[in-house]
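The sequence shown begins at -5 in this note's numbering and counts up one residue at a time.
These are calculated hints, taken from the structure and not from any lab test.
All figures in this text were calculated on a predicted structure; none of them were measured in a lab.
Careful: at least some of the hints might be erroneous.
In silico DSSO-like pairs for lysine-lysine, Cα to Cα no more than 30 Å straight-line [stated by the list, open to error]: (1) K3 / K14; (2) K68 / K78; (3) K67 / K78.
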Amino acid sequence: MPQYDFRCKTCGERFSLHFKSVAAYAAATPQCYACDSVELSRIISGVAIPQAQRDYRNMSAGEMLSVLEAGEKKQVDDMFRQVKSTAADGSGSA
């Protein structure tokens, strides 16, 4: 469900509206809930960009070491989670 942030050009109120789809947003005429004005500016506050999942299970020991040395918590956590799940289901090589 897309969320859009607005600032009213008339009263300055800042608010968010949720729409069922991008098409529903395109068809709507949003109004300020404080003063009913349709003179709104859309605010871009935060954008979520999904990143491709990296497959750590097929990395060499040297590549895994470089992930550890980089020290990025999310990458290290993802790597341990993948390697652990591979070991738990028996699909890793021993």
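Cross-check of the supplied hints:
Proximity of K3 to K14 is assessed by CA-CA distance (about 25 Å); at most 30 Å being required, the pair is judged to hold. Among the hinted pairs, K68 with K78 is consistent with the structure: their alpha-carbon atoms are about 15 Å apart, no more than 30 Å. Distance hint between K67 and K78 is fulfilled; the C-alpha atoms sit about 16 Å from each other, no more than 30 Å.
In terms of the numbered hints stated before, the structure departs from none.
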